[in-house]
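*Asks:* Heads up: the sequence lines are chains V and U, in that order.
If you're matching positions, the first sequence starts at 59 in the numbering used here and goes up one per residue.
If you're matching positions, the second sequence starts at 59 in the numbering used here and goes up one per residue.
Keep in mind the hints are simulated off the structure, nothing from the lab.
All residues carry an ideal CB built from backbone N, CA and C; glycine is no exception.
Please note: incorrect hints may appear among the correct ones.
Under the rule of at most 25 Å between Cα atoms (straight-line distance), these lysine-lysine pairs were calculated in the BS3-like manner [claimed, not checked]:
| id | chain 1 | residue 1 | chain 2 | residue 2 |
| --- | --- | --- | --- | --- |
| 1 | U | Lys782 | V | Lys871 |
| 2 | V | Lys878 | U | Lys937 |
| 3 | U | Lys857 | V | Lys782 |
| 4 | V | Lys782 | U | Lys220 |
| 5 | V | Lys858 | V | Lys280 |
| 6 | U | Lys794 | U | Lys875 |
| 7 | V | Lys664 | V | Lys605 |
| 8 | U | Lys220 | U | Lys244 |
Beyond 10 Å from chain U on every Cβ pair, some chain V residues (computed) [unchecked claim]:
| id | residue |
| --- | --- |
| 9 | Asp291 |
| 10 | Glu386 |
| 11 | Thr489 |
| 12 | Leu839 |
| 13 | Lys858 |
| 14 | Gly913 |
Coverage of chain U stretches by chain V, computed from C-beta distances (three or more under 8 Å per stretch; other residues unrestricted) [as the list claims (entries may be wrong)]:
| id | region |
| --- | --- |
| 15 | 694-706 |
| 16 | 723-734 |
There are 2 protein chains.
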Amino acid sequence: MASKKYVYRFDEGRADMKDLLGGKGANLAEMTRIGIPVPPGFIITTEACREFYIEGRKFPPGMEDQVREELKTLEKNTGKKMGDPENPLLVSIRSGAPISMPGMMDTVLNLGLNDQTVEGLARNTGDRRFAYDCYRRLLNMFGDVVLGIEHQKFERILEMQKDRKNVSFDHQLEAGDWEEVAREYKRLIERETSNPFPQDPMEQLFMAIYAVFNSWNNDRAKIYRKINKIPDDLGTAVNVQLMVFGNMGGDSGTGVAFTRDPSTGTNQLYGEYLINAQGEDVVAGIRTPQPISALEEEMPEVFRQFVDTCQLLERHYRNMQDIEFTIERGRLYMLQTRNGKRTAQAAIKIAVDMVKQGLITKEEAIMRVDPAQLNQILHRRINPSARLDVIAVGLPASPGAACGKIVFDADEAEKMGQEGEKVILVRTETTPDDIHGIVAAQGILTSRGGMTSHAAVVARGMGKPCVCGCEALRIDYDHEQFTVGGQVFRKGDLISIDGATGQVIRGEVPMVDPDLSDEFRELLRWADEVRTLGVRANADTPEDAAKARDFGAEGIGLTRTEHMFMAQDRLPIVQQMILAAGPEERSSALDKLLPMQRGDFYGILKAMEGLPVTIRLLDPPLHEFLPHAEELAVEITRLRMTGGSPGDLAGKEELLRKVRSLSEFNPMLGHRGCRLGITFPEVYEMQARAIFEAAAMLVREGRRVIPEVEIPLVIDVNELAYLKEMVVRVAGEVMKETGVSFEYTVGTMIEVPRAALLADEVAAEAEFFSFGTNDLTQTTLGFSRDDAEGKFMADYLGKKILEENPFVVLDRKGVGKLMKMAVDLGRKTKPDLLIGICGEHGGDPDSIEFCHQIGLNYVSCSPFRVPVARLAAAQAKIKNG
Amino acid sequence: MASKKYVYRFDEGRADMKDLLGGKGANLAEMTRIGIPVPPGFIITTEACREFYIEGRKFPPGMEDQVREELKTLEKNTGKKMGDPENPLLVSIRSGAPISMPGMMDTVLNLGLNDQTVEGLARNTGDRRFAYDCYRRLLNMFGDVVLGIEHQKFERILEMQKDRKNVSFDHQLEAGDWEEVAREYKRLIERETSNPFPQDPMEQLFMAIYAVFNSWNNDRAKIYRKINKIPDDLGTAVNVQLMVFGNMGGDSGTGVAFTRDPSTGTNQLYGEYLINAQGEDVVAGIRTPQPISALEEEMPEVFRQFVDTCQLLERHYRNMQDIEFTIERGRLYMLQTRNGKRTAQAAIKIAVDMVKQGLITKEEAIMRVDPAQLNQILHRRINPSARLDVIAVGLPASPGAACGKIVFDADEAEKMGQEGEKVILVRTETTPDDIHGIVAAQGILTSRGGMTSHAAVVARGMGKPCVCGCEALRIDYDHEQFTVGGQVFRKGDLISIDGATGQVIRGEVPMVDPDLSDEFRELLRWADEVRTLGVRANADTPEDAAKARDFGAEGIGLTRTEHMFMAQDRLPIVQQMILAAGPEERSSALDKLLPMQRGDFYGILKAMEGLPVTIRLLDPPLHEFLPHAEELAVEITRLRMTGGSPGDLAGKEELLRKVRSLSEFNPMLGHRGCRLGITFPEVYEMQARAIFEAAAMLVREGRRVIPEVEIPLVIDVNELAYLKEMVVRVAGEVMKETGVSFEYTVGTMIEVPRAALLADEVAAEAEFFSFGTNDLTQTTLGFSRDDAEGKFMADYLGKKILEENPFVVLDRKGVGKLMKMAVDLGRKTKPDLLIGICGEHGGDPDSIEFCHQIGLNYVSCSPFRVPVARLAAAQAKIKNG
């Protein structure tokens with residue numbers, strides 16, 4: 059039986075054979091195929107690697123023979139021979155996985171050198187120093203990579219040699235020194251492995267191939283795959299290629315280049331090179347490379363050839379290329395090409411430019427930009443080139459960066475804010491009492507609480523940077539300072555926070571502002587032409603609504619009314635309402651809130667004139683608006699022991715009783731959402747009235763407004779029917795009182811499994827559904843987000859129990875199954891039912907694709923993510939039709 | 059078009075026409091049909107009532123004519139005539155709904171009397187006093203029921219007449235007095251309604267029918283229906299029947315009887331009667347009635363006829379009958395028969411006796427006993443005939459009654475318990491620190507916390523009576539007393555609690571012990587023959603396991619291991635494990651726990667020798683084993699202010715930090731269940747080892763044991779696979795170490811929606827499923843049980859948003875849909891997958907029926923409910939096949 063084909067010559071492969079030949083190999087083959095100068099060689103397939111593992115780390119049968127065969131061809135084509143002291147064939151051995159894993163696996167250069175061939179190389183090149191430099195590099199790499207000898211041990215020998223010669227740099231060493239070093243390296247190898255360095259080049263070759271296969275499963279490769287979610291069973295290919303040398307003198311060199319600027323996208327060659335150097339010298343940064351443009355003067359002919367090749371490669375691949383090249387004695391060789399990594403800004407500019415150049419279609423341009431990367435440019439952020447003194451890392455609770463003076467108290471934050479100071483409010487955690495401080499601060503930093511803690515939710519709502527749950531901080535309110543890692547930070551000290559990474563940084567750092575470039579706006583217009591999924595924003599204020607509209611939102615998918623309740627001037631009234639002894643006192647508080655809420659809704663509806671605005675009635679449990687029981691209990695103890703005024707004490711005790719009676723074991727599953735509307739209909743009634751009175755005012759002003767009244771946390775059609783009846787009644791009353799008629803609809807959140815399971819029934823009373831996937835994820839998985847992310851999510855992801863954090867990427871299998879069910883059941887009852895999503899997943903590209911697949915009408919996300927969603931929705935359409 | 063038939067003569071109906079004729083009417087018709095002496099009459103159908111409401115409270119067309127028609131027939135058959143002063147026809151008007159609603163709707167007797175016919179009645183009976191007594195009764199009832207005049211106003215006139223005559227009792231009034239009273243009643247009616255009392259008997263009749271229809275929707279009827287879950291749209295029938303009079307002298311009388319003793323089930327006539335009285339006099343209790351046996355001497359002939367009739371009725375209905383009768387001048391009339399209400403004990407005895415008499419089949423006997431009623435006899439309970447001084451009512455958290463001295467401290471409870479005192483532990487709420495007190499107490503009473511509070515869960519686990527969340531109690535630990543309703547109860551005072559009703563009672567009350575009578579055991583044996591659904595018990599101790607086995611449990615469906623962790627001698631070790639600085643310290647604590655857990659499992663497995671025992675690995679969040687943060691914070695404040703020892707303070711502060719770091723926002727959705735196993739595998743490993751070492755010991759003793767290791771709170775097959783691998787490894791290790799092999803399986807709880815949704819995947823790794831419907835209900839509905847039952851469940855049930863409390867009766871539509879899905883998906887992967895339920899629903903008859911329908915293998919419930927489940931499972935099989 060003829061064995062499988064495990065080895066491909068470069069001229070047998072193509073770019074689309076990446077799975078079999080690895081990325082590097084496939085591109086080497088492709089370049090060879092289209093006539094670009096590439097040192098010849100061959101590729102051992104990823105399949106051979108996979109079988110190597112299946113066979114218990116043995117080469118699959120036939121592979122070795124095929125390698126020997128191709129080596130013979132290589133010898134014939136180059137006129138060199140492995141182990142021939144006269145004209146030795148030297149090769150490089152490089153790994154190359156289907157998905158790039160830079161630096162994770164092993165490479166051996168100059169393979170084929172031994173005590174004889176090194177002399178041949180010296181003779182042929184007339185450069186003994188070069189030859190022994192190559193040899194010692196092989197011994198080092200082979201010793202390290204293939205034989206597993208600590209790199210430091212080679213390093214120490216080299217340093218000793220420099221000491222002996224009393225020099226500081228490698229290039230100060232001479233031929234004899236390298237010869238001495240090579241000798242010492244061979245001794246080291248023999249000492250460490252009890253075997254001499256293999257002088258047989260074929261033995262070297264197979265040992266190196268074995269080592270590369272092995273390196274697929276070294277620790278750093280495994281960790282890299284875990285982090286980058288690369289499957290463990292792909293395997294790596296091995297590239298065996300004729301060595302070319304950039305270190306053969308002043309007419310040799312090596313470099314890397316991008317066909318366009320990878321950080322701005324500008325259409326000009328970008329890169330650098332070193333004369334008389336090997337590739338690793340560029341990476342190591344020992345000498346400062348020259349910009350690629352300098353090559354034009356130094357070697358005009360080579361430069362022109364290089365520019366032509368770059369253009370050819372870009373046109374061929376129809377994408378910006380990341381290229382490695384070597385010049386050996388005036389001859390240009392390409393050693394690698396691949397699609398270049400780029401910043402979000404560059405990705406956008408390159409994609410749009412390439413459409414204009416006719417290189418790619420608009421759809422391809424849309425697919426070229428990774429929506430996840432856009433976060434980089436949609437928030438104020440720390441200048442990526444800044445050096446940071448990171449003192450701690452917390453949870454990245456609300457993206458954006460901020461800088462300011464440390465302040466520990468909300469009142470003080472407000473005062474300093476009014477005086478024009480920039481402050482960062484630092485608290486163990488925040489409560490509604492801190493809202494005015496949060497408003498005044500540039501950013502929020504807490505030492506406790508998760509991604510849905512008060513600070514995080516409020517900050518995200520305000521689009522304000524927040525790092526929370528930064529447990530390394532020890533906050534000492536009494537002394538107005540915090541300590542972290544033994545350092546003390548006092549009130550007034552400057553710190554910066556990065557809400558996108560969770561970093562807390564000493565001092566002030568330079569920032570970069572967000573910006574929708576013209577190219578970006580153009581790309582998004584193309585995306586809008588393609589996508590069928592609508593994009594709305596979650597916004598609680600007219601400012602946010604306006605921002606969202608500017609970013610292209612086609613409506614508001616979620617307006618939370620509770621944040622309005624938490625404003626400092628309202629909180630006392632809200633508390634009065636909650637603590638009311640009876641309906642009368644409650645209704646007097648509600649009377650005071652009505653005009654305020656009407657004002658809120660007036661502003662938002664006006665900002666979104668002509669577009670739908672989903673307004674969710676009060677959702678959080680009432681105790682969120684009250685002080686904490688523990689703080690009260692401590693205060694009462696203090697009052698008792700210091701003999702404070704009996705009136706004070708009694709008041710606090712009464713308040714504590716009420717707080718306790720409202721406190722809940724599991725607030726997430728407690729008395730909130732429409733359950734509040736069922737037990738305190740007057741609260742929802744006030745809100746409905748505020749919405750409709752605002753709508754009537756705007757209609758009278760000649761504006762079209764489309765409020766969608768949303769009932770949260772429904773589990774049964776009966777809740778919806780009960781509350782809808784009230785809403786419809788109030789709408790009728792307002793129309794009668796004002797003599798104005800206005801549009802409106804009534805619908806519901808789907809955020810509890812039961813609502814999804816019974817969506818056919820619920821749809822009978824709902825004019826729209828909106829998936830609240832934050833809560834739906836919490837209930838479907840039985841995961842309290844704050845608790846999960848603080849306590850066990852890391853283990854769940856680390857042990858691969860879950861592939862992704864389900865609060866970031868929608869859990870398609872579980873939550874998605876329920877959503878699909880709800881869509882199908884809901885549309886069974888009402889084929890035209892409007893269905894959207896307003897959980898944080900509405901801004902996540904992967905989740906947006908799923909929303910497209912199951913036929914939602916729109917996604918709704920934070921204003922800053924609206925561009926992300928527009929792009930992701932277009933990509934979903936292109937991928938899924 | 060001929061109108062619908064709205065009126066049925068008694069001889070036109072049958073017992074099975076209850077929906078149309080109402081219960082009373084159908085049975086009057088049935089008795090008429092089988093030749094039992096019933097005063098003639100006719101029935102206006104429930105359909106007429108329903109149409110009455112549809113038409114806006116108007117009689118449906120044709121109904122009145124049909125009534126007139128049947129009245130003529132009645133006149134012909136009786137020889138009497140409505141309004142005929144010579145021989146007036148008098149009738150009673152009684153409501154009669156398809157489902158009995160005793161006392162809820164209206165009745166008018168003696169209808170047909172007016173100023174003329176009363177004289178005729180006087181002449182014909184020769185008893186003027188009797189005639190005017192009848193007349194004034196009509197005026198009173200008609201005035202009250204039909205005309206809506208306050209009953210008190212009639213009462214006052216009667217009292218004035220007695221004052222005038224200077225007498226105390228009705229029977230001291232003479233004919234003239236009644237005449238005078240009737241006159242005053244008529245004046246009252248004219249004054250109140252501006253119309254005289256209608257003298258036309260036909261007008262009286264239709265007004266009375268109208269009033270009965272109307273009374274279907276009076277407030278007390280509506281409330282009764284709500285409480286008893288009777289649909290609002292059934293409507294009531296109206297029975298028009300010839301009056302017979304038990305108050306016509308010494309040869310007349312009236313009474314009620316049961317064909318068997320309704321409290322014991324003994325097969326002998328049971329009832330009482332009054333000579334010379336109308337039915338309402340028996341009910342009113344003005345005179346003491348005589349036992350039915352006395353009738354044999356007073357009227358032997360009538361008695362024999364009555365006994366025969368009773369036997370006939372019982373044989374005819376094949377059920378114990380509740381009968382009303384009247385004797386008019388020596389003639390016996392039956393006025394009502396219906397299946398008699400009975401105690402659980404009686405229901406069982408009657409059913410079993412009737413099988414032995416050949417009256418009913420075993421299957422019918424099984425269907426005759428309401429499983430819900432069995433609670434009465436399966437717990438120690440308060441003697442139903444005791445007079446109770448109820449001082450407050452809390453949540454019925456754990457059934458059973460208990461009595462003892464009040465004690466406010468767990469240590470003291472333990473001390474007094476050891477001295478042989480019976481105590482009730484009274485706490486605002488309990489914590490794990492109180493366990494030894496709970497163990498020592500007869501029962502637990504708390505002022506805070508819901509049905510799943512610590513006290514409730516622990517008490518139910520121990521089968522110990524508990525009333526919790528009794529908010530009326532103000533507990534004052536400092537003075538060792540509580541106040542309720544202005545009364546003070548001190549340490550040492552005697553109280554009783556009833557955990558089945560939530561009542562808290564002053565003093566000691568007489569108790570009745572639970573008892574499985576021979577008849578009950580026989581009935582349950584029949585049930586076992588019929589049912590296909592298995593019945594297991596939830597038990598955490600060998601004692602409970604033994605009890606469950608005695609009650610017929612076929613295995614343990616849930617052994618919770620956490621209660622074992624809470625034992626007073628273990629808690630410090632458990633806390634040491636939790637607070638451990640690192641794995642080493644943790645493992646030293648686990649080493650101490652291992653032999654204890656092994657002992658636990660040894661005991662339970664031994665008690666259930668030969669039967670399967672499902673052992674759930676640790677489930678609750680770790681902070682449940684630690685003190686409360688608030689208490690610690692208060693203590694720290696106190697220590698600081700009093701300048702306590704710095705060491706103490708630092709220790710408490712460190713503990714508080716740890717408690718805080720473990721505390722959770724929503725513990726129900728937090729770091730618990732298998733999430734603990736994922737993050738602290740060593741805890742689960744210790745438990746697995748304890749189980750298997752116990753199993754090995756028992757196998758070596760020659761016993762067969764079948765442990766089923768259960769992984770809780772699974773949401774993904776990966777969790778199960780990860781932990782199962784560990785369990786299987788440990789089993790292998792133990793087998794190797796002990797040289798003993800043993801049976802075991804590994805399976806999972808299905809208690810989170812995602813597990814149900816992905817049950818096909820989960821089943822691949824599971825050898826069994828057990829539905830944890832308590833948690834599954836919490837997550838599917840997004841209801842925290844403790845919060846829901848304390849805060850909004852009452853509104854949800856009151857406003858009919860939900861039909862039933864879903865924590866008591868399984869929510870078939872939502873939770874049930876998920877369960878069905880999980881069963882189908884699970885069996886798709888493994889057709890023979892063993893599936894059970896261990897939530898509290900496993901003891902609820904309605905939920906058991908559903909479990910039978912969706913094909914579960916078994917239900918598991920608390921030991922005391924095992925007989926309930928056996929019966930309910932048999933009923934489910936009989937009903938559903």
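*Asks:* Determine for every hint whether it applies to the structure shown.
*Replies:* Checked hints:
no.: 1; hint: Lys782/U with Lys871/V; in the structure: holds, 22 Å
no.: 2; hint: Lys878/V with Lys937/U; in the structure: violated, 35 Å
no.: 3; hint: Lys857/U with Lys782/V; in the structure: holds, 14 Å
no.: 4; hint: Lys782/V with Lys220/U; in the structure: violated, 59 Å
no.: 5; hint: Lys858/V with Lys280/V; in the structure: holds, 13 Å
no.: 6; hint: Lys794/U with Lys875/U; in the structure: violated, 44 Å
no.: 7; hint: Lys664/V with Lys605/V; in the structure: holds, 13 Å
no.: 8; hint: Lys220/U with Lys244/U; in the structure: holds, 18 Å
no.: 9; hint: Asp291; in the structure: holds, 17 Å
no.: 10; hint: Glu386; in the structure: holds, 52 Å
no.: 11; hint: Thr489; in the structure: holds, 14 Å
no.: 12; hint: Leu839; in the structure: violated, 5 Å
no.: 13; hint: Lys858; in the structure: violated, 7 Å
no.: 14; hint: Gly913; in the structure: holds, 19 Å
no.: 15; hint: 694-706; in the structure: holds (count 4)
no.: 16; hint: 723-734; in the structure: holds (count 8)
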